[in-house]
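Here is what each chain is made of, one letter per residue.
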Amino acid sequence: MSAWSAVLDVLSAVCLGAGVLLAVVAALGVLRLPDVLTRLHAAAKPQALGVVLVAVGVGLAVRTPAAVGVVTLVVVFQLVTAPVAAHMVGRAAYRTGKVRRDLLLLDELSELQGAEAPEGGVPDGCVVRGDGDEDRSDEPDDARPRA
Amino acid sequence: MSDLTTQLGVNGPTSVLVLLAGAALLVAAVCVLARAVVGPTILDRVVALDALVVVLVAAFGLHAAVTRSTATLPILVVLALVGFVGSVSVARFAAKDAQ
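From first to last, the protein sequence lines are chains A and B.
All letters in the first sequence, in the order written, are residues 7 to 153 by our numbering.
All letters in the second sequence, in the order written, are residues 96 to 194 by our numbering.
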């Protein structure tokens, strides 16, 4: 029993340490990266993996059914909500033109949603898939999806 | 407690590992708060506050694991849900203001 509890404690410490490290790396990324999308990218990693690691660490350390249940609830909520929130923030950043377009390599959204694209269009150096007017002139304007 | 965990410093609130993790979380919180203060856009602040929620979850989880108490676990649920509602509503308002 004591040996098992020691093993569980060490596993818990490893999980908690990894979660804390992930949070620190994400914080550095949020502080240092150049624009909203890259900061969002850095901040979204620990929202899923970091919270899972911390939750596993707490569950292994506390080891009661109530704690494991609550921690599972936290993980489920976080895994359901974090991608949705990140998606909405990223879409709002794109719509309001707060994306640094000189850093983009590929902009699929400007092709998908003409109504959402900022006025500047696609700058030089950005590769847009399906680029060229010959694709779009065939189809009526209504065929393109609107936001 | 067993020898292994004592050597590794897993147990006890003042052990080295716990202090290190707490210091790392403090650094993370300061970095994220600096981004939330600097901005420059409201979406940067939302992203920073989301990251701050993660740091808080890690801190409360660390406290719960070290003290082996379940008292702070409901706070984790509340943080997960409130962070989502906050960032989604701010993102909606930011998109609306631009139109």
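If you're looking for bench data, these hints aren't it; they were derived computationally from the structure.
Do not take every clue at face value.
Stated by the list, open to error - Label-pair restraints from in silico Cβ distances:
| id | chain 1 | residue 1 | chain 2 | residue 2 | range |
| --- | --- | --- | --- | --- | --- |
| 1 | B | Arg-163 | A | Leu-34 | 41 to 51 Å |
| 2 | A | Ser-8 | B | Val-133 | 48 to 58 Å |
| 3 | A | Val-31 | B | Val-177 | 36 to 46 Å |
| 4 | B | Val-180 | A | Leu-115 | 30 to 40 Å |
| 5 | B | Ala-129 | A | Trp-10 | 37 to 47 Å |
Stated by the list, open to error - Okay, the calculated bits of chain A under chain B, using three or more residues with CB under 8 Å as the criterion:
| id | segment |
| --- | --- |
| 6 | 14-27 |
| 7 | 37-48 |
| 8 | 75-85 |
| 9 | 94-100 |
What the hints assert, rightly or not - Some residues of chain A that are not near chain B, with every Cβ distance over 12 Å (derived):
| id | residue |
| --- | --- |
| 10 | Val-30 |
| 11 | Val-31 |
| 12 | Gln-53 |
| 13 | Leu-59 |
| 14 | Val-90 |
| 15 | Arg-107 |
| 16 | Asp-108 |
| 17 | Asp-113 |
| 18 | Glu-114 |
As the structure is a prediction and not an experimental result, all values here were calculated from the model.
Just so it is clear, CB atoms sit at the ideal spot from N, CA and C, and this is done for glycine as well.
Each hint tested on the structure:
1. Restraint check, Arg-163(B) to Leu-34(A): a C-beta distance of roughly 31 Å breaks the suggested window 41 to 51 Å.
2. The supplied range of 48 to 58 Å is met by Ser-8(A) and Val-133(B), whose beta-carbon atoms lie about 50 Å from each other.
3. Judged by the Cβ atoms, the range 36 to 46 Å given for Val-31(A) and Val-177(B) is violated: they are separated by roughly 24 Å.
4. At about 25 Å, the CB distance of Val-180(B) to Leu-115(A) disagrees with the hint of 30 to 40 Å.
5. Separated by about 43 Å at the C-beta atoms, Ala-129(B) and Trp-10(A) satisfy the suggested range of 37 to 47 Å.
6. Under a criterion of three residues with beta carbons nearer than 8 Å to beta carbons of chain B, the stated coverage of the segment 14-27 of chain A is upheld, 9 such residues being counted.
7. Figure legend: the segment 37-48 of chain A, annotated as covered by chain B; annotation consistent (5 residues with Cβ-Cβ distances under 8 Å, at least 3 required).
8. Here the segment 75-85 of chain A counts 6 residues with a CB under 8 Å from a CB of chain B, which clears the bar of 3, and the coverage holds.
9. Against chain B, the segment 94-100 of chain A contributes 5 residues with a C-beta closer than 8 Å to a partner C-beta. That satisfies the three-residue criterion, and the hint holds.
10. The non-interface label for Val-30(A) is inconsistent with chain B: the shortest C-beta to C-beta separation is roughly 4 Å, within 12 Å.
11. Listed as outside the interface, Val-31(A) is inconsistent with that label: its C-beta sits roughly 9 Å from the nearest C-beta of chain B, within the 12 Å cut-off.
12. Against chain B, the non-interface label of Gln-53(A) is violated: not every CB pair exceeds 12 Å, the least being about 6 Å.
13. Non-interface status of Leu-59(A) relative to chain B is broken: a Cβ of that chain comes within 12 Å, the nearest being about 9 Å off.
14. Chain B draws Val-90(A) into its interface by the beta-carbon criterion, the shortest separation being 7 Å against a cut-off of 12 Å.
15. Distance to chain B confirms Arg-107(A) as a non-interface residue, since its nearest Cβ pair spans about 15 Å, more than 12 Å.
16. With 12 Å as the threshold on Cβ separation, the claim that Asp-108(A) sits away from chain B holds: the shortest Cβ distance comes to roughly 17 Å.
17. Its beta-carbon lying about 18 Å from the closest one in chain B, Asp-113(A) satisfies the requirement of being farther than 12 Å from that chain.
18. Distance check for Glu-114(A) against chain B: the nearest CB is about 19 Å away, which clears 12 Å, and the non-interface claim stands.
Hints 1, 3, 4, 10, 11, 12, 13 and 14 from the list above are not met by this structure, while the remaining hints are.
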